[in-house]
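A.B. asks: Given next are the chains, with one letter for each unit.
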Amino acid sequence: MPTEFPSARAGLEGAFQPDAFPIVEKPKDPDLAAADRVSGLDSLELGPEKEKGRLGKRIWASTWPKLLAIAIVIGVWQLVYLSEWRPAYVLPAPVDVFAELGSLLTEAKFWDGVRLTMTRAVTGFALAVAIGTVIGAAVSRFTPLRAAIGSLITGLQTMPSIMWFPLAILLFQLGEEAILFVVVIGAAPSVANGLISGIDYVPRTWLRVGQVMGMKGLAKYRHLILPASLPSFVSGLKQGWAFSWRSLMAGELLVIVPGTISIGVRMQTARDLNDAVAVLAYIIVVLVIGILVDQFFNAADGRLRKRWGLTGS
Amino acid sequence: MSTVVRIDDVSKQYGSGSNALLALDHVSLAVDKGEFVCLLGASGCGKSTLLSLVAGLDEITGGTLDIGGRHVALMFQEAALFPWLSVAGNVELPLKLQGVGRAERKQRALELLEIVRLGGFGDKRPHELSGGMRQRVALARALAQNADVLLMDEPFGALDAMTRDILHDELERIWREQELTVLFVTHNVREAVRLGDRVILLSSRPGRVIEDFKIDHPRPRRIDSPEVSGQAAEITDRLRAEVARHAN
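Note that the protein sequences, when read in sequence, are chains A and B.
-9 is the number of the first residue of the first sequence in the numbering used here; add one for each residue after it.
6 is the number of the first residue of the second sequence in the numbering used here; add one for each residue after it.
Mixed in with the good hints there might be a few duds.
[What the hints assert, rightly or not] Each computed EDC-like pair below joins lysine to aspartate or glutamate, with the alpha-carbon atoms no more than 20 Å apart:
{"id": "1", "chain 1": "B", "residue 1": "K129", "chain 2": "B", "residue 2": "E119"}
{"id": "2", "chain 1": "A", "residue 1": "K296", "chain 2": "B", "residue 2": "E133"}
{"id": "3", "chain 1": "B", "residue 1": "K129", "chain 2": "A", "residue 2": "E39"}
{"id": "4", "chain 1": "B", "residue 1": "K219", "chain 2": "B", "residue 2": "E232"}
{"id": "5", "chain 1": "B", "residue 1": "K129", "chain 2": "A", "residue 2": "D32"}
{"id": "6", "chain 1": "B", "residue 1": "K129", "chain 2": "A", "residue 2": "D284"}
{"id": "7", "chain 1": "A", "residue 1": "K296", "chain 2": "B", "residue 2": "D128"}
{"id": "8", "chain 1": "B", "residue 1": "K38", "chain 2": "B", "residue 2": "D217"}
{"id": "9", "chain 1": "B", "residue 1": "K101", "chain 2": "B", "residue 2": "D128"}
{"id": "10", "chain 1": "A", "residue 1": "K296", "chain 2": "A", "residue 2": "E39"}
{"id": "11", "chain 1": "B", "residue 1": "K219", "chain 2": "B", "residue 2": "D202"}
{"id": "12", "chain 1": "A", "residue 1": "K206", "chain 2": "A", "residue 2": "D190"}
{"id": "13", "chain 1": "A", "residue 1": "K206", "chain 2": "B", "residue 2": "D242"}
{"id": "14", "chain 1": "B", "residue 1": "K38", "chain 2": "B", "residue 2": "E182"}
{"id": "15", "chain 1": "B", "residue 1": "K38", "chain 2": "B", "residue 2": "D63"}
{"id": "16", "chain 1": "A", "residue 1": "K47", "chain 2": "A", "residue 2": "E35"}
{"id": "17", "chain 1": "B", "residue 1": "K38", "chain 2": "B", "residue 2": "D229"}
{"id": "18", "chain 1": "B", "residue 1": "K219", "chain 2": "B", "residue 2": "D37"}
{"id": "19", "chain 1": "A", "residue 1": "K206", "chain 2": "B", "residue 2": "E64"}
{"id": "20", "chain 1": "B", "residue 1": "K129", "chain 2": "B", "residue 2": "D153"}
{"id": "21", "chain 1": "A", "residue 1": "K210", "chain 2": "B", "residue 2": "D63"}
{"id": "22", "chain 1": "B", "residue 1": "K38", "chain 2": "B", "residue 2": "D153"}
{"id": "23", "chain 1": "B", "residue 1": "K38", "chain 2": "B", "residue 2": "E184"}
{"id": "24", "chain 1": "A", "residue 1": "K228", "chain 2": "A", "residue 2": "D291"}
[Claimed, not checked] Here are some of the chain B residues that sit facing chain A, going by a computed Cβ distance under 7 Å:
{"id": "25", "residue": "L62"}
{"id": "26", "residue": "W89"}
{"id": "27", "residue": "V105"}
{"id": "28", "residue": "L115"}
{"id": "29", "residue": "I120"}
{"id": "30", "residue": "R122"}
{"id": "31", "residue": "H132"}
[Claimed, not checked] Covered stretches of chain B, going by a simulated chain A footprint (3 or more residues, C-beta under 8 Å):
{"id": "32", "segment": "11 to 24"}
{"id": "33", "segment": "72 to 82"}
{"id": "34", "segment": "167 to 180"}
Worth flagging that the hints you see were computed from the coordinates, not collected in a lab.
Please read all numbers here as calculations on a predicted model, not as lab measurements.
From the three backbone atoms N, C-alpha and C, an ideal C-beta is built for every residue, glycine too.
One chain only, chain B, in its complex shape (with noise of 0.2 Å):
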């Protein structure tokens, strides 16, 4: 297994002087390829931050941060999908920003759209899709980018439970069958552990590793498996401990 993300002595901080916010202090982590990754913490633990600062999109501020010039792709709470384009001129912008051609493009956007089960739905836009169809198009948009880690920034944070159960199912197949590499932050302990190979749970303000779990239940697994749960139960409680720590 390679290495494709790695995440050495890495501190994130904002401002200077006496207004200075340690958001990440010396976090070390590596991702190897095809992993599944989850980033678990309470509220204030900068696991947003290090999606971010593994997405280019800020500068840390120690350690080293590594991800060998690989392409990452992101996705958020909200789709984030542009209103001005249908469901397939979404994904193929980033092929089109690639300079593929337009055959190609419609084609390949095709797939993708397929492959999230949404092959029918390209005409449409964004708005005429529920809350869960268009994280789905995020995915296919995330997928044309042909990234070699997908960062995920709890991506099904604002859906229902029944729908967040189905994408979980949905995200497991995609994540097998495209052989990804998942970095996936959330506060849903369970959550975390139906999905990740790892959990690893972060403190806060400032953020550090407290401990990276290995999830190895059989796949597909269920949220609501007794082997899903008990290791979430103990999970909580190493999270309630470390909230607990921070009362006045």
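If we strip away everything but chain A, and leave its shape as in the complex, we get (with noise of 0.2 Å):
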């Protein structure tokens, strides 16, 4: 039995003999010569760290292509302009439009429209997620749910939000929740499906491996299964973003509240005011506040690509 010999003789004498290992010493001089070998390999296999370069050259380095590529946008407007192809009243200059948008940010009554707009644009998100994750874990986990719904969802998916709006009127009047009917049923499908294509997608080694470490039920889906789902979830979120912030666009354009100033209504009435000038500014609000959004969601999805190692850096 090992356990006889207590001394460091004993570990090297019995270095070729398996069982006359005692765990408290060991031979040293082969075991560094191992140890060694096994971090050489290691040095060797991961290669140097890489220089990632200066905070504010990376930062120049992603933002000069978007610059240049809005000041073509501008250039190509203004050109367009000076061919006097539409008159000025109709397609005003980029100037005109950047002096309304910049008196526009200064008033207070604008900033209000925004804050209507994005309360509904996360209220309805947020709901869209709870339900469409609800839905989502629902269908993947029970498979008569999943014959019956899955390819509704991706119906669903399919279905321009604008086809909505005469029935969501006719439940809810003109009010919130005809909106806020049209921005969930846009969305939620995506969230829903984000979640089931991950949960589906689950590597089967994972799951084994999961299996012997003795997961089960809820354990399971905590550490395993809901992690595992992650990317594809935050994919479904981002997807599901863009729907909604379309859904709402269209609604606040169709379903004017009475005593509501929200951006789409500042649109529809520069629009019934033939202000062309106002109506350009809109367009650059609401794609700003989309970019921004997805700005948002793209650092999320980044970081979480990077944390996994799925992106090539």
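Take the two lone chains and join them into the complex the hints point to.
C.D. replies: Structure follows, in structure tokens:
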């Protein structure tokens, strides 16, 4: 029995007998050589750390192409304006639109409108996420439910949200609920689908590892299925946001709740007054908000991918 | 020596009727505590199936399989580490599932990473490590499961020769120090002879035990030593004959 030899010598003598190794003392020389081999191999395989470069430089590298693209768009717009293809009261000059935008940004009422629109967007999106997650989890868990409504969810995703408004107005009149209804029905299917495909594509070996570790029921969801489906779920969220934002804009143009001055209402008013400058200014506002939120989702997605090692860098 | 895994007359059939596939046919095998047993065979010999059965991932269709309620841990060709956890987090997970407290978990994970010589890498993400290092993390995670039997399904199959050679040394050392019982599946004859106390040669379709080779060359062994090569050649001949039997 190995425990009958408590000394270090016994370990040395027993170097060629697998059973004769006391755990306390190990033969030093061969061990050190092996340790060197292992750590040498590790450092060879890992290679040198990559230089990331300074923060300012990195930000500039990702910013200048965007600035250039904006400059090109504005340049083309200016050229079309100068060509007098359309009269100036229909297609105004960029400088007029940006002047209008500038004065809008200093107006408190404009910010009230933005706040109202964003509140609707966030409420609708949050509700869509909650409903989509519950439906997605239920569908991936119960096979008959999947057979019943799995393809319906994808079908709903392709449905243009504007088709829901007549029904929404009949159901809820011209109220917040009508807008909310369409936003949720537009975004929830994407969220549900993201979760479903995430759960479906959890690698089989991970499931086997979990099973051997003894994961069951809730623990299996908490420690394996949910984290494993996260990237797909985030993609679903991102897509869901895009759908809810589009539905919301359509809703604000169609469903004008009396007494509110959302971005959509302001847009509609500008159109009624033939105020092309304001119309273009609001288009830019909606575009910028859309881009900013998308950047946020991209950053979340990018971080996740980097942590998981799914990116090239 | 006490027997840890007793496989008695075990058969495994997939499907039924005319589509039935007999993967294992009356296989008997006993693994003693502290033994290193290699399962060797060509494609379709059901060696991975046998491992899945022992791991409890699949049901046997005949015979008896007794592991006496012991815990097993399983390693695959891919490390199958969870990318949302750090290296240390991956090793801690089995401890967490066993209900080990936070501080003790951290301590134990660090010890286990030291054992596989990755003490300084706990905060890294799995994708930041090389393939060989990831397999060592997987080994540490398997050790964290406190299992009586370590099941390994071609764990070094995807690694280059140098890395594999070094990991053989490491596995042999850890097996000795931790007094593990290992059931190791491979199709690489030299690897089996390099590592095993016994090499079990299986036939293909259906899988049956052809022969049970006892390997008693002194350890630590080298994969390129004359003893290992000689015995590997002998086993390879048997394996070739078995493969030729399947010619049309």
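A.B. asks: With reference to the structure, classify each hint as holding or not holding.
C.D. replies: Hint check results:
no. : hint             : verdict
1   : B/K129 to B/E119 : 14 Å, holds
2   : A/K296 to B/E133 : 10 Å, holds
3   : B/K129 to A/E39  : 13 Å, holds
4   : B/K219 to B/E232 : 13 Å, holds
5   : B/K129 to A/D32  : 14 Å, holds
6   : B/K129 to A/D284 : 29 Å, violated
7   : A/K296 to B/D128 : 15 Å, holds
8   : B/K38 to B/D217  : 17 Å, holds
9   : B/K101 to B/D128 : 17 Å, holds
10  : A/K296 to A/E39  : 16 Å, holds
11  : B/K219 to B/D202 : 6 Å, holds
12  : A/K206 to A/D190 : 17 Å, holds
13  : A/K206 to B/D242 : 45 Å, violated
14  : B/K38 to B/E182  : 14 Å, holds
15  : B/K38 to B/D63   : 23 Å, violated
16  : A/K47 to A/E35   : 29 Å, violated
17  : B/K38 to B/D229  : 28 Å, violated
18  : B/K219 to B/D37  : 13 Å, holds
19  : A/K206 to B/E64  : 18 Å, holds
20  : B/K129 to B/D153 : 28 Å, violated
21  : A/K210 to B/D63  : 18 Å, holds
22  : B/K38 to B/D153  : 8 Å, holds
23  : B/K38 to B/E184  : 8 Å, holds
24  : A/K228 to A/D291 : 9 Å, holds
25  : L62              : 6 Å, holds
26  : W89              : 4 Å, holds
27  : V105             : 13 Å, violated
28  : L115             : 17 Å, violated
29  : I120             : 11 Å, violated
30  : R122             : 5 Å, holds
31  : H132             : 2 Å, holds
32  : 11 to 24         : violated (count 0)
33  : 72 to 82         : holds (count 4)
34  : 167 to 180       : holds (count 7)
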